[in-house]
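Colleague: Sequence:
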Amino acid sequence: MDYFCHIGDTEETTVCCPGKSDDICNEPRVPGTGQAYLNRYAFTPLTKQCLPFTYTGLGGNENNFLSRASCEATCPVISNPCADGEPAAGKDGQYLICSVSGPNICPVGYWCHVGADIAASLCCPGAQNACILPVAEGSGSATIPRWYFDRRLRQCATFSYTGYGGNQNNFQTLKECQEKCPELTNPCSMGDPAESLDGNILQCSALHPHCPTSYFCNIGVTSETSVCCPSFGEPCLSPLASGTGTASLNRWYFDQTLRQCLQFIYTGIGGNENNFLTAEACIQKCPVLRNPCPLDNITTNKNNMLSLIKCNVRNGYSCPLTYWCHIGGDADTTVCCPGASDPCQLPLSQGIITDNGPYTRWFYDRISGSCKPFQYAGISGNQNNFLTRSDCAKRCPEGRPITLISPISSSLLLSNLPVICPKGMPYQDENQIIPHCSITNPCPTNYFCHIGADISTTVCCKVTTFMSSCSIPVQIGHGTGHMERVYYNAALRQCVPFIYSGMGGNENNFLTLQECIIKCINNKSNVIQQFDIGKFLYSLHGNILKLQIDMID
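Going by this note's numbering, the letters in the sequence shown line up with residues 1 to 553, in that order.
Hints in this document: simulated from the structure, not taken from any laboratory.
For every residue, glycine included, the Cβ atom is placed at its ideal position computed from N, Cα and C.
Errors might be hidden in some of the hints.
[To be verified] No farther apart than 30 Å at their CA atoms in a straight line, the calculated lysine-lysine pairs in the DSSO-like style are these:
no.	residue 1	residue 2
1	Lys372	Lys519
2	Lys372	Lys285
3	Lys372	Lys310
4	Lys519	Lys423
5	Lys519	Lys462
6	Lys310	Lys394
7	Lys423	Lys394
8	Lys48	Lys91
9	Lys310	Lys285
10	Lys423	Lys462
11	Lys394	Lys372
[Unchecked claim] Estimated spans, in silico, between C-beta atoms of each pair:
no.	residue 1	residue 2	range
12	Val419	Glu484	20 to 28 Å
13	Lys462	Asp342	31 to 39 Å
14	Gln284	Pro418	20 to 28 Å
15	Val100	His210	39 to 47 Å
16	Gln284	Met467	39 to 47 Å
17	Gly59	Gly109	34 to 42 Å
18	Gly424	Leu513	23 to 31 Å
19	Arg68	Glu195	44 to 52 Å
20	Ala89	Pro18	34 to 42 Å
21	Leu237	His210	16 to 24 Å
22	Pro418	Asp332	18 to 26 Å
23	Leu513	Leu237	43 to 51 Å
Whole structure, please, built from the sequences with the hints as guidance.
Modeller: As structure tokens, then:
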């Protein structure tokens, strides 16, 4: 019979005992039947650990070691599967065996590492977000198919796990990976979305479009596709990109060739920065070619695109029939405009200011019969606009002033003259002539310039009140005309459009919104309220006023 050395509490109990085992590591742990309290270690086959226990000194077996070291040197203890630190243990010192399918028994700060077998399925230290960790193949020798979340691609992918030394980004199934780390279709056409310091994708919206430097806000259908994407550079220089999604979103882009903001359908993902929610946003950002003509069309306006015909003011045949050559500040604004007429019969039109204006031009004044200089804003003027006095005089011969109404007796005036003014007769000069009034020929004191339907009804009328013209009610008049005008509504404190009949109107009657604002709003508070009309306006005498526009409630 084989014997083993039983080490008891005393020399008397330290003897050779019968029953030597062929596999002492699989022997059960036996506390004994004595009265002593001895610190010993026994091997636990289930967890492959050498664990402490109290031996009573008598009746034990070979699975009884004086130290952990001697136990681990004899029996096949488990290799620690954790990459960082020891596995979690219970009160009895045994490692906590866990499984993904079972209840979560791992304490706070630990996660369930599932190895190749039950002995390697333990609670390992670590409390990080699994989705932001890199893939860790481990340091073992096994080949176990697993899934991990690819943070760059925002997708779950497969890898081979060696069984030891992995991290939390380690899933047994695709479903488990997707439930823990939601996959995302990358809405960016180039590169990955911007991320916060904690690894979350930076989302943005139309209300909050702010993104880090070198990123832009791709506004998709949902919050998941409305993220900060890598920038391509200048938006207005980027080509049209309809995207690669399935949505149908109305958007605007800048066409470099046409220099127009055009509408297109965006599919929600895979676009670039040349993508605007509104036409206004596109126009504000990109160098759009403005319509230089006084009307809302240039030559054709099809499918959202302006088709320009360039012209040469020195060549009278460079424009089609019924068109005239608008002389702008550059080649882009020197184009053929519709509505050709006799420029000598047209009033002065100073246009709308551009970034490069104003420009010194000449116009023909019918009243004085002479060519006079003026400051042209750059666009939206009329044909009575010449580069030089010589050009003006060649087209409109000087020295022929006109008299609108010949000297006649008061009785004839009273009997034949239509009632143009709202109060009394038009002003007559010392020669009993009723003169025409204009920007260059203002009315005398206590008279205002009534601008009628034509030159014959544009005369000086007596003021109807010595209060501000903005405080009196509007008068539509009693003529047969149908002219778009603007008046100041004192109750609303706004300039409001109306249709004027051409005769009988009072001073609260303005040709343009700008004129009304300058007269009635700006003069009252020195702040233009509720209207954004650009950086430049005009006074009633034709001088350019540079105003700071403030929007207030």
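Colleague: It remains to establish, for every hint, whether it holds in the given structure.
Modeller: Here's how the hints hold up against the structure:
1. Lys372 with Lys519: Holds, because 26 Å separates the two Cα atoms, which is no more than 30 Å.
2. Lys372 with Lys285: Violated: Lys372 and Lys285 sit about 38 Å apart, past 30 Å.
3. Lys372 with Lys310: Roughly 27 Å between the alpha carbons, so the hint for Lys372 and Lys310 holds.
4. Lys519 with Lys423: It holds: about 22 Å lies between the C-alpha atoms, which stays within 30 Å.
5. Lys519 with Lys462: Roughly 19 Å separates the two Cα atoms, so the pair holds.
6. Lys310 with Lys394: With a Cα-Cα distance of about 23 Å, the restraint between Lys310 and Lys394 holds, given a limit of 30 Å.
7. Lys423 with Lys394: violated (41 Å)
8. Lys48 with Lys91: holds (17 Å)
9. Lys310 with Lys285: Between Lys310 and Lys285 the Cα gap is close to 25 Å, so the pair holds against 30 Å.
10. Lys423 with Lys462: Between Lys423 and Lys462 the Cα gap is close to 6 Å, so the pair holds against 30 Å.
11. Lys394 with Lys372: Holds, at about 13 Å.
12. Val419 with Glu484: 20 to 28 Å: The hint (20 to 28 Å, Cβ to Cβ) holds, given that Val419 and Glu484 are roughly 22 Å apart.
13. Lys462 with Asp342: 31 to 39 Å: holds (33 Å)
14. Gln284 with Pro418: 20 to 28 Å: With Cβ atoms ~48 Å apart, the hint is violated.
15. Val100 with His210: 39 to 47 Å: The hint (39 to 47 Å, Cβ to Cβ) holds, given that Val100 and His210 are roughly 41 Å apart.
16. Gln284 with Met467: 39 to 47 Å: Check passed, 40 Å falls within 39 to 47 Å.
17. Gly59 with Gly109: 34 to 42 Å: With Cβ atoms ~41 Å apart, the hint holds.
18. Gly424 with Leu513: 23 to 31 Å: For Gly424 and Leu513 the Cβ distance comes to about 29 Å; the hint holds.
19. Arg68 with Glu195: 44 to 52 Å: holds (46 Å)
20. Ala89 with Pro18: 34 to 42 Å: holds (35 Å)
21. Leu237 with His210: 16 to 24 Å: Since Leu237 and His210 have Cβ atoms about 22 Å apart, the given range 16 to 24 Å holds.
22. Pro418 with Asp332: 18 to 26 Å: violated (45 Å)
23. Leu513 with Leu237: 43 to 51 Å: violated (35 Å)
The earlier numbered hints that this structure contradicts are 2, 7, 14, 22, 23.
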